[in-house]
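> The residues making up each chain are set out below.
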Amino acid sequence: MPLFRHPEKSPLWRDEFSIHAADERYVTRRQFAKFLTLASLGMFAGNLWILLRAWFYKKPVYPTTHVASLGEIPVGDVKLFHYPTAQEQCILIRLSVDAYVAYSQKCTHLSCAVYYAPEHQRLECPCHEGYFSVRDGSVLQGPPPRPLPRVVLEKLRNDLFATGIEIQSSG
Amino acid sequence: MKVPEPPERWRGLTAIDGALALIAVLLIVQLWLLSATLESFLAGHRETALPAAFASGVMLFACFGLYLFVEKVDREARKR
Numbered sequence: 001m002p003l004f005r006h007p008e009k010s011p012l013w014r015d016e017f018s019i020h021a022a023d024e025r026y027v028t029r030r031q032f033a034k035f036l037t038l039a040s041l042g043m044f045a046g047n048l049w050i051l052l053r054a055w056f057y058k059k060p061v062y063p064t065t066h067v068a069s070l071g072e073i074p075v076g077d078v079k080l081f082h083y084p085t086a087q088e089q090c091i092l093i094r095l096s097v098d099a100y101v102a103y104s105q106k107c108t109h110l111s112c113a114v115y116y117a118p119e120h121q122r123l124e125c126p127c128h129e130g131y132f133s134v135r136d137g138s139v140l141q142g143p144p145p146r147p148l149p150r151v152v153l154e155k156l157r158n159d160l161f162a163t164g165i166e167i168q169s170s171g
Numbered sequence: 001m002k003v004p005e006p007p008e009r010w011r012g013l014t015a016i017d018g019a020l021a022l023i024a025v026l027l028i029v030q031l032w033l034l035s036a037t038l039e040s041f042l043a044g045h046r047e048t049a050l051p052a053a054f055a056s057g058v059m060l061f062a063c064f065g066l067y068l069f070v071e072k073v074d075r076e077a078r079k080r
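Chains as they are written, first to last, in the working numbering: chain A, 1 to 171; chain B, 1 to 80.
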């Protein structure tokens, strides 16, 4: 190496480290094929995980929880409650004098809270304008992939009780 | 003057590119399959998990086979 360097020449560290960043980032076809195969392995692992979850699936046991008294809310009105845990918010809607429905309030798209729009008879998600039918929770419009989980209600004397959650499929 | 590469090397490169394209297609199908299976599982259809895992496994083997093919062709092309 020369004792004196010309100031316009490349910096000294270039001589010491003769590795170029572009060469470092260069990916050969063989490496790329390896990455893709590893990604394929990851996809398979994901499918395997779903399979294991399906095999070892245990049907959840839901508690019976008091939701409201009959006539507590007027026709067309709603009541929010938590079921089956304190973290799961649900919405009870009185459709007519005798008809009550209840759904999980979490949108099946990105878990925003849905609210009841009585003028359109639907549940609306304000985040991405996903609409659900108030009759059965099915998707009417928007990005939600599945209907809203339905809370099973039972009438006992003058009270409404939640007894379970029905996961509905879109098919 | 630049020496032209032998035609065998070009053929090898074409084969590798073809194999890479096939792996990419398989990977996209696998990605779609995974999202569809997850969606189906979350909707309560647990019966789809087994055929989906099987299909994903077949695609993984195909990808692995193509990867071995890429390795082999690359090695042979480098020898020449």
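Think of the hints as simulated: they come from the structure by calculation, not from any bench. Please note that a few of the clues may not be correct.
Stated by the list, open to error - Residues from chain A shown here face chain B by an in silico Cβ test under 8 Å; the list is partial: (1) A39; (2) F44; (3) N47; (4) R146; (5) R150; (6) V152; (7) L153.
Unchecked claim - Which stretches of chain A does chain B cover? Using the computed rule of at least three CB atoms under 8 Å from a CB of chain B, they are: (8) 29 to 38; (9) 48 to 57.
Where a beta carbon is used, it is the ideal one built from N, C-alpha and C, also for glycine.
> For every hint, state whether the structure bears it out.
So, going through the hints one by one against the coordinates:
{"no.": "1", "hint": "A39", "result": "6 Å, holds"}
{"no.": "2", "hint": "F44", "result": "4 Å, holds"}
{"no.": "3", "hint": "N47", "result": "4 Å, holds"}
{"no.": "4", "hint": "R146", "result": "5 Å, holds"}
{"no.": "5", "hint": "R150", "result": "12 Å, violated"}
{"no.": "6", "hint": "V152", "result": "14 Å, violated"}
{"no.": "7", "hint": "L153", "result": "19 Å, violated"}
{"no.": "8", "hint": "29 to 38", "result": "holds (count 7)"}
{"no.": "9", "hint": "48 to 57", "result": "holds (count 7)"}
The structure fails hints 5, 6 and 7 (numbered hints given earlier, in ascending order).
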